[in-house]
Amino acid sequence: MTRRELLALGAGVIAGCTGKPRQSINGSFVGASHDVGHLLRGGKIPTPVGERRIPVVIVGAGIAGLSAGWYLARNGFRDFEILELEDEAGGNSRFGENRVSAYPWGAHYIPLPTKESRFVRELFEELGVITGYLNGEPQYKDEYLCFDPQERLYIHGRWQEGLVPALGTSDRDREDFERFRDIVDGYKARRAFTIPMQFSSQDNDLLQLDSITIRDFLSSHDLNSPALHWYVNYACRDDYGCDYGDVSAWAGLHYFGSRNVDENAVLTWPEGNGWIVSRLREKLASHIRTGSMVFRVRDSEVDCYDVQEKTSTTIRADRIIFACPTFLAKYLMEKSEGVDAFEYAPWMVANLELDAFPQQRAGAPIAWDNVIYDSDSLGYVVATHQSLRVHQPQTVLTYYYPLTGASPRSERERLLDTDWQTWVELILTDLSRPHPEIRELVRNIDIMRWGHAMVRPRPGFTWGEDRRLFTRPFGRVHFAHSDLSGFSIFEEAQYRGVIAAQWVLADR
Amino acid sequence: MVYALLISVFVIASCGLVYELIAGTLASYLLGDSVTYFSTIIGTYLFAMGIGSYLSRYIGKGLIVRFIRIELMVGLVGGSSAAILFLVFAYLESFRLILYAQVVIVGTLVGLEIPLLLRILKDKLQFKDLVSQVLTFDYLGALAVSLLFPLILAPRLGLVRTCFMFGILNVLVAVWTTSLFRDQIARVSSLRAQCIAVLILLTGGFAYGERLTTFAEESLYTDDVVFSRSTPYQRLIVTRWKDDIRLFLNSHLQFSSKDEYRYHEALVHPAMQGLTQPRRVLILGGGDGLALREVLKYPSVESVTLVDLDPEMTRLFSSNELLRNLNENSLRSPKLKTINADAFVWLGENSDVFDLAIVDFPDPTNYALGKLYTTTFYHLLARHLSPDGAAAIQSTSPLYARKSYWCIVKTVESSGLLTSPYHVYVPSFGEWGFVIASKRPYSIPQVSLPGLKFVSTEQLPGFFQFPADMSRVDTEVNHLNNQTLVRYYESEWHEVSQ
Chain A
1 MTRRELLALG
11 AGVIAGCTGK
21 PRQSINGSFV
31 GASHDVGHLL
41 RGGKIPTPVG
51 ERRIPVVIVG
61 AGIAGLSAGW
71 YLARNGFRDF
81 EILELEDEAG
91 GNSRFGENRV
101 SAYPWGAHYI
111 PLPTKESRFV
121 RELFEELGVI
131 TGYLNGEPQY
141 KDEYLCFDPQ
151 ERLYIHGRWQ
161 EGLVPALGTS
171 DRDREDFERF
181 RDIVDGYKAR
191 RAFTIPMQFS
201 SQDNDLLQLD
211 SITIRDFLSS
221 HDLNSPALHW
231 YVNYACRDDY
241 GCDYGDVSAW
251 AGLHYFGSRN
261 VDENAVLTWP
271 EGNGWIVSRL
281 REKLASHIRT
291 GSMVFRVRDS
301 EVDCYDVQEK
311 TSTTIRADRI
321 IFACPTFLAK
331 YLMEKSEGVD
341 AFEYAPWMVA
351 NLELDAFPQQ
361 RAGAPIAWDN
371 VIYDSDSLGY
381 VVATHQSLRV
391 HQPQTVLTYY
401 YPLTGASPRS
411 ERERLLDTDW
421 QTWVELILTD
431 LSRPHPEIRE
441 LVRNIDIMRW
451 GHAMVRPRPG
461 FTWGEDRRLF
471 TRPFGRVHFA
481 HSDLSGFSIF
491 EEAQYRGVIA
501 AQWVLADR
Chain B
1 MVYALLISVF
11 VIASCGLVYE
21 LIAGTLASYL
31 LGDSVTYFST
41 IIGTYLFAMG
51 IGSYLSRYIG
61 KGLIVRFIRI
71 ELMVGLVGGS
81 SAAILFLVFA
91 YLESFRLILY
101 AQVVIVGTLV
111 GLEIPLLLRI
121 LKDKLQFKDL
131 VSQVLTFDYL
141 GALAVSLLFP
151 LILAPRLGLV
161 RTCFMFGILN
171 VLVAVWTTSL
181 FRDQIARVSS
191 LRAQCIAVLI
201 LLTGGFAYGE
211 RLTTFAEESL
221 YTDDVVFSRS
231 TPYQRLIVTR
241 WKDDIRLFLN
251 SHLQFSSKDE
261 YRYHEALVHP
271 AMQGLTQPRR
281 VLILGGGDGL
291 ALREVLKYPS
301 VESVTLVDLD
311 PEMTRLFSSN
321 ELLRNLNENS
331 LRSPKLKTIN
341 ADAFVWLGEN
351 SDVFDLAIVD
361 FPDPTNYALG
371 KLYTTTFYHL
381 LARHLSPDGA
391 AAIQSTSPLY
401 ARKSYWCIVK
411 TVESSGLLTS
421 PYHVYVPSFG
431 EWGFVIASKR
441 PYSIPQVSLP
451 GLKFVSTEQL
461 PGFFQFPADM
471 SRVDTEVNHL
481 NNQTLVRYYE
491 SEWHEVSQ
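Chains as they are written, first to last, in the working numbering: chain A, 1 to 508; chain B, 1 to 498.
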C-alpha cells in the first residue's frame with residue numbers, strides 16, 4: 001500500500017463519518033395553461049376555417065360541464081361534446097400522481113350530501129359511494145369516508161385534535177363559540193341555508209345578511225373572541241378564498257348552517273375530488289375533447305381553437321352550455337353586462353413529496369387535514385391518509401394557500417410574478433413551524449397557480465341581480481358553473497350542470 | 001528497549017485476557033448458562049494458547065516481523081470479535097461455531113506472543129531475569145484487566161467498543177515494535193502501512209461500534225437485551241433472563257417464553273378444533289412462528305399462508321437458534337408460504353379462501369394499527385373464509401381494556417360474522433381475550449388434541465364464561481372514520497398504567 005492509497009482510504013473513512021448531505025428539492029410550476037388562456041385577451045387566434053355541427057356543445061370540462069354531460073348521458077341523450085381548454089378534464093378537481101400516491105390539485109373532499117343535494121346522491125349511488133339506504137339514510141362505503149383522525153390544529157406550539165381552538169382559550173372564548181353555535185342552530189332550525197343554495201329561505205331578514213360582512217356580523221353580535229374570529233376567518237379563506245372581512249354574512253353563515261346531516265363527516269380520496277373526475281371522465285370519454293379552446297360564443301355557434309393543430313373551427317349548435325368560469329363571458333360573448341360582478345380569488349396549491357412523515361411531536365397525531373393557527377396558509381392535507389396500509393413510509397402533502405389580499409387583481413399579479421423558489425421558501429418556512437425537519441424530508445414540490453380559483457361571495461353579490469341574471473338562459477346559451485351559486489363547492493357546480501342539462505332535455 | 005518490550009508484555013497480556021473475558025461474557029449474555037460457556041471458553045482459550053506456544057518453535061527467521069504481524073492479526077481478529085458475534089447472533093445458525101473458532105484463533109495467536117517475545121529478549125537479559133520479568137508483567141497485565149473489565153470497561157464502554165479498544169492497543173504495540181526495531185527490519189514502510197490500515201479499521205469500529213448494540217436500551221428492560229434492531233416498520237427487541245426469552249415490538253411485550261404456550265394454544269386450538277379437517281390456514285401477523293407451531297400440530301393442514309409486514313421479523317425467527325427452538329422450526333415448514341406484506345392490502349389484492357384465519361396483530365395502540373380492527377377489515381376477512389370457516393382474533397384484555405375488547409367483538413358482529421368471545425389467563429399478560437368469528441355457529445369442541453400444555457376439553461368451556469368484572473359492555477362499532485377502538489384503548493390502558 002502506498003502512502004497515497006493510505007491517504008485516500010483515510011479520507012474515505014472521514015467522509016463516511018460526516019453524514020449525508022442535504023438533498024436538493026426538485027419541482028416546478030405545473031398545470032393551468034396561462035399562456036393559451038391569455039390568448040383570449042387580445043392574443044392572435046387564427047380565424048375559423050371549417051365548420052361542424054353538434055346538437056349540444058358544453059364549454060368547459062370542470063365539474064359543472066362533466067355533470068351536465070353525465071346528466072344528459074344518463075337520460076339517453078348522446079349528441080353532445082364537451083370542449084376543454086386544458087389537456088385534462090376536471091377543472092378545479094384535477095389531480096396528479098407520483099410514485100408515492102395520487103394527490104389533489106384543488107378540491108379534495110365533499111361533505112355528506114344534504115337531503116336537497118338530490119343529484120349528488122344519485123351520482124354517488126351510481127359510483128358506489130352510497131351503498132344503500134338504512135331507514136332512509138344513505139350508507140357510504142367506508143373506504144371513502146375520511147378516516148379518523150380527521151383534523152388537527154397547530155396552536156401555541158402544540159397539535160390539538162379538531163380545528164376549534166381549545167388550547168390556550170379562555171372561558172370568554174368558549175362562551176363566544178357557544179353563542180355563535182346557538183345563532184347558527186337558530187338558522188338551521190329555520191332551514192335558512194341549503195345546498196344547493198337555490199333552495200335557501202328567501203325571508204327578508206336572511207337576505208339582508210348579504211349586505212354586511214361576516215366579520216361585521218360577529219362584531220354586531222358582540223362576538224369578539226380572537227379564537228372565534230380566527231376560526232370563522234379560516235373557514236372563509238378555506239371555502240371562499242377570501243378574508244372574512246370580504247365575505248358576506250350570508251355566505252359566511254351558509255358555510256356553518258347549511259349541513260343538515262352529520263356535520264363533520266366528509267368523503268375523500270387520495271386524489272381528492274379527482275376520483276369523481278376520473279369516473280365521470282371514463283363514462284364520458286367519447287364526448288370530451290381536450291386542448292380545445294372556445295374563444296367565441298354566439299347564439300347558435302361557438303368558435304373553437306385546437307391547441308394541438310393550431311387551427312380554428314366554427315361549431316354550429318342548437319344548445320350551448322357555458323360551463324367554464326362565468327367571467328370568461330367577457331371575452332367570449334358579445335354581450336356580457338353584469339359579468340364584472342363576478343370576482344375571483346387566486347390560489348396557490350403545492351404538492352410536497354416527502355421521503356418520510358414528519359416526526360410525531362407533542363400533541364395530536366397527524367390527521368387528514370392539518371391546520372396551522374395564525375398562518376397565511378390553510379395548512380396541508382395528507383394524500384395517503386385514506387390508504388389502508390398500516391405502514392406508509394412516504395407521503396404527499398397538499399398545501400393550500402389562498403391569496404386573500406383586498407384586491408384580487410394585485411393578488412393575481414403576485415401569484416404569477418412570484419417565482420417557484422420564492423414560493424418554495426414560503427411554504428417551507430410556514431411548515432417548519434410545526435415541523436422543524438421539513439426541509440430534510442421534502443424531495444419534490446410542484447406548484448399549481450390558480451389565477452381565478454373561485455368566485456368571491458362578497459357582500460351584495462350572492463343575492464344581487466347580476467348573479468341571478470346569469471342563472472337564466474341567454475337565448476340558446478345556458479350558463480352552468482358554481483360561480484352562479486356565488487361560491488365554489490362541488491354540490492353547487494354539479495347542480496348548475498344538471499340544471500343546464502335539464503334545460504337541454506326539456507327542449508326535446 | 002528492554003523496558004519497552006516489557007511494557008508490551010503488559011499490554012498484550014491484558015489484551016489477551018480481555019478477548020477471553022468478552023467471549024465468555026457475550027456467550028453467557030446471548031445464550032445464557034454462564035457456567036458452561038465461561039468454563040468451556042476459558043478451557044478452549046488456554047488450550048489454543050498451548051497450540052500457539054507449540055507452534056512458536058516453527059518460527060525461525062524474521063522473528064520481529066512475525067511478532068509484529070501477529071500483533072496486527074490479534075488486534076484485527078480479537079478487536080472485532082465482539083462486533084462480529086453480535087452481528088452473527090441474529091442470523092447465523094452457527095453462532096457457537098463462530099464463537100469457538102474465534103476463541104481458538106485468538107488463543108493461538110496470543111499463545112505465540114510470549115514465546116516470541118522471550119526469544120526476542122533472550123540476548124538482552126539473563127535467563128532467570130528474563131523469565132521472571134516477562135511473567136511478572138504478563139500476570140500484572142492480567143490483573144489490571146480483570147479489575148478494569150467488570151468495573152469500568154464493560155459498563156462504560158460496552159463490550160463492542162472495549163473489544164475494539166484493546167484491538168487498537170495490540171496494533172499500537174505493533175507500531176511501537178516496528179519503530180524500535182526499524183533498523184533490523186527490511187521493509188519498514190510496508191509494515192507501517194499495514195499497521196495504519198488495521199488501525200483505521202479498528203478506530204472506525206470503535207467509533208461506530210455503539211450503533212451495533214444499544215446498551216442504552218438495556219436500562220429500559222429489566223432483562224438482558226440479546227437482540228435489537230430498528231426495521232423500517234418497528235423496533236424489535238429480544239431479551240433473555242435465564243431461560244425466559246421475551247420479544248418486544250416498539251417496547252410492547254409480545255410474548256414471554258415462560259408462558260407463551262398458553263397464549264398461542266388459546267389463540268389457535270379452540271377455533272381449530274371447532275372445524276372439521278381444516279386444510280388451508282391463514283395467519284395474519286404472528287411472524288414469530290409461534291401460532292404457526294400450534295397450527296402445524298394438525299396433520300389435516302395442507303398449507304399455511306403467513307402474512308407479516310416485517311421481513312426482518314420472519315427472518316429472525318426462522319434463523320436464530322434460540323428463537324427457532326421456541327417455534328420448533330415452524331417457519332421452515334414445507335407447508336408454509338411466508339409473505340411479507342401489509343395484511344390489509346394483501347387481503348384486498350388476494351382472493352384465496354381459507355378454512356381458518358389466525359389474526360394476531362399488535363394491540364390497537366395507534367390509528368394505523370386501529371385500521372386492522374375495523375368493519376372494513378372484517379368484511380374483507382370474511383370474504384377469505386370458506387363457508388364453514390372461522391377466524392380467531394387476538395383482542396386485547398377484557399379485564400384491563402374491557403370496552404376495547406367488547407368493541408372488537410361488536411365490530412366483528414356488525415361485519416356480519418357470528419362471534420364466540422373467550423378469554424384465558426396468561427401470567428405475563430394477565431387476563432387475555434380472543435374472539436372466534438365464524439359464518440356458521442361455533443360450538444365448543446368435545447375432543448382435544450393430545451399433548452397440549454394448556455388447552456384441554458375440560459378447560460375449554462370455562463374459557464367462554466366471563467365473570468362480572470369483564471362481562472359484556474355496550475360499545476360503539478369501530479369504523480375507519482371513527483376509530484373508536486383506539487380511543488377506548490388509549491383511555492383504558494392509560495388508567496391501568498396510572
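Quick caveat, the hints were computed from the structure, so don't treat them as lab data. All figures in this text were calculated on a predicted structure; none of them were measured in a lab. Check before you lean on any hint, since a few could be wrong.
Residues from chain B that keep clear of chain A, each with C-beta distances beyond 12 Å, as calculated [said to hold, decoys possible]:
| id | residue |
| --- | --- |
| 1 | ARG119 |
| 2 | ARG229 |
| 3 | THR231 |
| 4 | ASP244 |
| 5 | THR276 |
| 6 | ASP310 |
| 7 | SER318 |
| 8 | SER319 |
| 9 | VAL345 |
| 10 | LEU369 |
| 11 | LYS371 |
| 12 | LEU372 |
| 13 | ARG440 |
| 14 | LYS453 |
| 15 | ASN482 |
| 16 | ARG487 |
Covered stretches of chain A (chain B as the covering partner; in silico rule of three or more C-beta atoms under 8 Å from a C-beta of chain B) [said to hold, decoys possible]:
| id | region |
| --- | --- |
| 17 | 141-151 |
| 18 | 385-398 |
Even glycine gets a Cβ: it sits at the ideal position worked out from N, Cα and C.
Status of each hint after checking the structure:
For ARG119 of chain B, the shortest C-beta to C-beta distance to chain A comes to about 29 Å, beyond the 12 Å cut-off, and the non-interface label holds. Every beta carbon of chain A lies more than 12 Å from that of ARG229 of chain B, the smallest distance being close to 16 Å; the non-interface claim holds. Against the 12 Å criterion, THR231 of chain B falls within the reach of chain A, whose nearest CB is about 10 Å from its own CB. Every CB of chain A lies more than 12 Å from the CB of ASP244 of chain B, the least distance being 29 Å, so the non-interface label holds.
Look at THR276 of chain B: its CB is around 33 Å from the nearest CB on chain A, clear of 12 Å, so calling it non-interface holds up. For ASP310 of chain B, the condition that its CB be more than 12 Å from all CB atoms of chain A is violated, with the nearest at approximately 9 Å. For SER318 of chain B, the condition that its CB be more than 12 Å from all CB atoms of chain A holds, with the nearest at approximately 21 Å. With a minimum CB-CB distance of about 22 Å to chain A, SER319 of chain B clears the 12 Å threshold, and the non-interface call stands.
Distance check on VAL345 of chain B: its Cβ comes as close as 6 Å (rounded) to a Cβ of chain A, failing to clear the 12 Å threshold; non-interface status is violated. At roughly 6 Å from the closest C-beta of chain A, the C-beta of LEU369 of chain B falls inside 12 Å, breaking its exclusion from the interface. With a least beta-carbon separation of about 6 Å from chain A, LYS371 of chain B fails to lie farther than 12 Å from that chain, contradicting its non-interface assignment. The beta carbon of LEU372 of chain B sits about 6 Å from the closest Cβ of chain A, which is not more than 12 Å, so the claim that it is off the interface is violated.
The non-interface label for ARG440 of chain B is consistent with chain A: the shortest C-beta to C-beta separation is roughly 25 Å, beyond 12 Å. Under the 12 Å C-beta cut-off, the non-interface status given to LYS453 of chain B relative to chain A holds; the minimum distance is some 32 Å. Against the 12 Å criterion, ASN482 of chain B falls within the reach of chain A, whose nearest CB is about 5 Å from its own CB. Not every CB of chain A lies more than 12 Å from the CB of ARG487 of chain B, the least distance being 8 Å, so the non-interface label is violated.
Closer than 8 Å: that is the beta-carbon criterion, and the region 141-151 of chain A has 8 residues meeting it against chain B, so the requirement of 3 holds. Given a C-beta distance limit of less than 8 Å, the hint that chain B covers the region 385-398 of chain A holds, as 6 residues qualify and 3 suffice.
Consistency with the previously given hints fails for numbers 3, 6, 9, 10, 11, 12, 15 and 16, ordered from lowest to highest.
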